[in-house]
Amino acid sequence: MAQPRISAYLPPDIDPTKAALAFGRRALPKLNEELQSAELLTQQRALMALCDLVHDPEKVYQAIALGFLASLKTLLVHQDQTVRQKTTEVLSIMALHSIGREGLIRSGVISALAGLLDDPVDICRKNTHQIFDMLAKLPEGAGGVLQAGLIPPLVLKMQTELDEIQELILGTLSNCLRVEVSEALAAGAVPVLKEKLSHPSTAIRSKAAWVLLEISSHAEGKIEVCKEEVIPVLVSLLEDTQPEVQVSSTGALMFALVTPQGRSSAMGAEAIPPLLTLVAEETSKARLNAIKTLTLLAELPEGRQTLLDHRDTFQRCLDDPSEAVQRAAEIAITVIDWKPSCSRDLF
Amino acid sequence: MEPTMEPAVLPVRAPEPADVPADVPYSFCSQPRSLSSRPKYREQPKAAETEKGPLSYVNIMFDPRVVRGNVLSVRPSPPQHTEPHTLEVKRQRRARRKVLARKFTQVHIRPGTPEPVEGREHVHVQTELYLEEISDRIIEVDGECQTDDFLDRPPTPLFIPAKSGKDVATQIEEGELFDFDIEVKPILEVLVGKTVEQALLEVMEEEELAQLWSHQRAFAELRNAEFAELQRLEEQDRRIKEEKERRRLEHLEKLRKQRETAEKIAARAFAQRYLADLIPSVFNNLHDSGFFYDPIERDIETEFLPWLMSEVEETLQKKVLGRTMLDSLIRMVVEKRLDEFSHPPPSAQTNAPSEEPRTADAAPKSGEADAADQPVAEEEETDHPVAEEEETDHPVAEEEETDQPVAEEEEADQPVAEE
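Quick mapping for you: the protein sequence lines, in order, are chains R and D.
Quick note: the first sequence uses the working numbering, first residue 9, plus one each step.
Quick note: the second sequence uses the working numbering, first residue 214, plus one each step.
Just chain D, with the same shape it has in the complex (with noise of 0.2 angstroms):
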């Protein structure tokens, strides 16, 4: 069986018309065809071969025009009969028969370039008569072109043309060169055109700019009635508050005012309370410390009771003297009476002379006493010294009538005299 490896020799089959429609719209590069069954034995290729019959049937997984592998990566398109030969193409094309030749051992390969002899090497050559470098990227070269800078052209000169020829006249009447009437009208045309072309240009960018300004103008009057709205809020509040500023104030001022009364109230109330005894208690302690005094009365207590007092004093202590004085008489008598008692007594009437010596001695012991007592109560000698008398006359006398009381009366005067 032998595969068709030239895919230009395309087994091409009558359509079967029982089975195919006539008006097919599409065509196949091969038929459709049942596979035939594979014959068991390999002398059948000859067979074929001569027969030229029925073709064999390819697998289709080795029919070499099935793409195989990945169909995302450019492949070279399917070997054609007016492809060149390149090697790329050669290699695939003997992996492909090689792979083939291990399927099916009756595979006929076709002759190619025998492997070279050892030692030797084959190369590639290009037989063509131009030779050419054969490389997958194309060489590019990069040229660039640029037109000089414009020069300003320069102003248009003056061109009169040169005379040439004969001046000649020529007699032209009216109505024969041109029209005026009908030829001045495409010029008139344009002008009029681009003269209201150009104030419509003039009058559209004026009128462009109206707009914009009425705009804006609008837009002018509008804020400034929100701002007056603003200002007219902001003043009525600064009104608030500055009467609002003031009310408190008032307020406040009131409210001071209450109290400074309230507490002077309370201040007058308690400053009355405090004095209201003020002058009672200055009174009082000027009183007590003297200074109100009644003059008689402090003439009295100052001068008057103290020399009083000095007087009863004097005669207190007068009468001490006095007493004193007596209890002295008295014990001297009692011991001379005791002296007396204890020794016999010579006569009755030397008791009578030793009782005026003893009154003797008493006067002179009294002038004594009273000389003594002089520098004491000098003062009062004309009146003392006369109840002295009398005062030391009335012990003398009452001695003499009781001798034992009045050594009991000794004995209590001196203790008393002791004191």
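Excised from the complex, chain R in its bound form (with noise of 0.2 angstroms):
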């Protein structure tokens, strides 16, 4: 029965910067009110119970049912900075999960958040980079990044961000120049990235390296890329001592080599030495990537003539644990021991 005394007991959350939430299932239906409210408190009460909340998937999957995302999208415009943040937080949250990806992705908050791109407080803007980042992993978050038109804002933001934020850039641009390049390479992408591989910090330079690999799996991206020259500033990044920063780079000679002036690009900056010894190196991440390098080197009479008496290297590549490594040592020793069968056979 009721008593007038106060209890022993302390209510499970005394946390006053958070709203009560309501039993069960009424908790998110209250929340979403509160949200709505004219009332600032309320709205940043309400936003902090949310944060908290939303890291169980299953609260997720009732929010975006409930409809949160509407009245998150009007809170994206909100002048208090505390309320912005907390949105943004979130959001990227949200995303973290899979069902909230899709929900974020359908209901259009890639362009609601591209006005934030420039908002004044840091945290507002990693925390938008970070959604970013996450919805580019999936097909459609790339597509819908592309279509927002978010590509040349990001490419000029590679060059005033603070260092955390341009990892985030780097990774949404890797993620959405797989799938179309041709904006980037009008917003001038390749020369930004190109400065950026020499950036003091190893994951920049990695990711940097990687945003190039993936703009020369496209044609018109390997134009670009042999035309500004790149390609001697990869090959210096093989000797590299970071195994990221090795692995990222031997992947975008891999795609870059693939055009004949990037081929005699790489042999003019003498390429296959660093290249052989990460072949050799056993345990190197980078072992796949340098034996199909090495295997677009040996096309060329020039490098075929190295890369024989190489070939033990490449033998010993075939124990690898890895059977795509075994594969690829295959080919490559296929590739060196070709001989033209006729004196007009070029290749």
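Keep in mind that the hints were calculated from the coordinates and are not lab data.
You may find that some hints are simply not true.
[Said to hold, decoys possible] Distance condition first, Cα-Cα at most 30 angstroms in a straight line; then the derived DSBU-like pairs of lysine-lysine:
(1) R/Lys-347 x D/Lys-398
(2) R/Lys-67 x D/Lys-407
(3) R/Lys-26 x R/Lys-134
(4) R/Lys-204 x R/Lys-165
(5) D/Lys-454 x R/Lys-347
(6) R/Lys-67 x R/Lys-134
(7) R/Lys-145 x R/Lys-347
(8) R/Lys-134 x D/Lys-532
(9) D/Lys-316 x D/Lys-253
(10) R/Lys-38 x R/Lys-26
(11) R/Lys-81 x R/Lys-145
(12) R/Lys-38 x D/Lys-407
(13) R/Lys-165 x R/Lys-235
(14) R/Lys-145 x R/Lys-202
(15) D/Lys-407 x R/Lys-26
(16) R/Lys-235 x D/Lys-454
(17) D/Lys-457 x R/Lys-235
(18) R/Lys-202 x R/Lys-235
(19) R/Lys-235 x R/Lys-204
(20) R/Lys-293 x R/Lys-235
(21) R/Lys-81 x R/Lys-26
(22) D/Lys-398 x R/Lys-26
(23) R/Lys-347 x D/Lys-467
(24) R/Lys-134 x R/Lys-81
(25) R/Lys-67 x R/Lys-38
Reassemble the complex: the two chains are provided individually, in unrelated frames, and hints are given to aid placement.
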């Protein structure tokens, strides 16, 4: 029976910054109503509570089903920075779940977030870029980012933003440029990326090399990369101490050397010795990419000549535990051993 | 033999010790017994009643306890003592009784309600205290209830209990109320535990994501490797195609040039042959059509020869004329002589003057002929008249000598002159 005495037990959650949650299924609808209220404090408290709830995937599903995203979209352009920050945080946590990602893409949050790219508050921008990064990992998300026309602004931001945010932008770009590359090339992405290849931070270098990989997987990207003379820089990165950088740069070379100009540029930059060292290392993660790059170079007569001396390195690769590496080594040996059958045979 | 209608009165018999073992795991509702022989005569039932001897054996076919008919339908349980005597049960019992009565005429039907008198009808009536509607279907009524929608719990109002009593102070020494170190432990445990739990959750979340992304990254690497291989092969294919195309074009060009050269040679050879006798033929043609002419020859041909021919023609004509003249002269002479010979001549003297007039006639006649001829041959007057005169003289000289040959000549000449 209710007694007029204060209970010895404290209420379970006495955080005054968070709104009180209703019981069971009523929690999220009540929070939705509080989000739409006119009072600032109520909105902030509701957002704080929502941030905690949204870690649970079931709550995310329920929230999206209840139409939270519409109210959150209106809050994105609120004047108060706490509201904006918390909203972006909620959306970024939602984007960590697959259901959340789908919901965000469907309700067009990407275009709503485009306005936050220039937000004065760092955290808001960071959360925004986190959301883009997460969303771009899905093909539909990457398409959404492309359709919202975000690539040129992102490329511009690369030059001005903080390092952390640059990493996120590079992640977004790498996933989006896998799909389509013309916009980025028009915005002048390759020179910017070439600069970033010599950044002191490892993560930025490896991510920039990864973006170049994605760019060079398209035909027009390859031409641009050759023209901007990125290949010598990539070759110099092969000797980098960090394995991620090595992996990304070998990957980028793997794609960029498909064109004849790329190959001649690489031969000019003397790419074969560092690639051979990478292949010879048993535990190198860049082995697969290095073997593929050397295969491309072995199609040139000069390359083949040099590589015939190092044939046993490839033989040793056949014992690698990874099946992909074995296959790649077999193909490489086939290409190296190819002999022309008549004087007019070129390849 | 009275059939046992009350199953409660069961014919219980002690089990025969000889046949049935003492610790039998099952028991019978009615112990198995052998059937007794049916008595022939009906006086037996009284004896069975009074004696209460071995109860009559019931034919299993007419044993009411044996279930008959469709075993799948729901049957009421066998009538028991405690069951209310419902209409249905009563009817069935009566039916069974009637059946048995037909078989065993000695059977006593239990006295039941007598049949209704004529004109009356029996009605079943419930005689219990509480009347009850009897039906097969149980009457059901659906009812539902629901709690109201939750009203939002209003925020807990700040509760400050009213002050009651007097404030009194007490001195509390350290260590009297509680031992902080011991008391704080559970609180600390909870605090630290909750914090660590929250932290673990966050770390797990991040780790899960990191795992996912590393998995994706590994896949992306494989995919990129395959894609690069694909592009390499594509590029190779493109180069080979291009080279093939180039060589094919080269080959076509070569063939074309060869063909052209062959054609040129053939054309040249043909043209040479064709034109080999072009010049001779041209020259021949021209020559034939008279372009190349010797001017002297031409001159001779165009001028001299026609002139010569015309002159020759003239000369011949003159000759012809002369002959014609002679012919006419001879004719005249012959005619005259004929005239003269046919008519006797007056004198021989007249012969000579006749000859002279004849010659004089001939001379003017020749002169006339000359005058006639002169327009024909004007040009060579000087030469020809001399020749003519000479020629006319000859035939005159000849005619005198021979007359008949002259006549023959005349005859011969006339056809010639006619010609």
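Practice problem: Please work out if D/Lys-407 and R/Lys-26 have their alpha carbons no farther apart than 30 angstroms. | Solution: 18 angstroms, holds
Quiz item: Can the restraint linking R/Lys-134 and R/Lys-81 be considered satisfied, given a maximum Cα separation of 30 angstroms?
Solution: 17 angstroms, holds
Quiz item: Holds or violated: are the alpha carbons of R/Lys-67 and R/Lys-134 at most 30 angstroms from each other?
Solution: 24 angstroms, holds
Quiz item: Are the Cα atoms of R/Lys-347 and D/Lys-398 separated by 30 angstroms or less?
Solution: 80 angstroms, violated
Quiz item: Has the given pair, R/Lys-134 with D/Lys-532, been kept, meaning a C-alpha gap of at most 30 angstroms?
Solution: 148 angstroms, violated
Exercise. Starting from R/Lys-38, check that the Cα of D/Lys-407 is at most 30 angstroms away, please.
Key: 26 angstroms, holds
Exercise. Verify the proposed pairing of R/Lys-202 with R/Lys-235, using a straight-line Cα cut of 30 angstroms.
Key: 12 angstroms, holds
Quiz item: Under the criterion that the straight-line Cα-Cα distance not exceed 30 angstroms, is the pair R/Lys-293, R/Lys-235 satisfied?
Solution: Holds. R/Lys-293 to R/Lys-235 sits at ~29 angstroms (cutoff 30 angstroms).
Quiz item: CA of R/Lys-38 to CA of R/Lys-26, is that 30 angstroms or under?
Solution: Within the cut-off at roughly 13 angstroms; holds.
Quiz item: Is it true that the CA of D/Lys-454 sits at most 30 angstroms from the CA of R/Lys-347?
Solution: This hinted pair holds, its Cα atoms lying about 19 angstroms apart.
Self-check item: Restraint check for R/Lys-81 with R/Lys-26, where alpha carbons must lie at most 30 angstroms apart
Solution: Answer holds: R/Lys-81 to R/Lys-26 is near 21 angstroms, not above 30 angstroms.
Quiz prompt | Pair hint R/Lys-204 and R/Lys-165, alpha-carbon separation not exceeding 30 angstroms | solution = Holds. R/Lys-204 to R/Lys-165 sits at ~13 angstroms (cutoff 30 angstroms).
This entry does not satisfy hints 1, 7, 8, going by the numbered hints stated previously.
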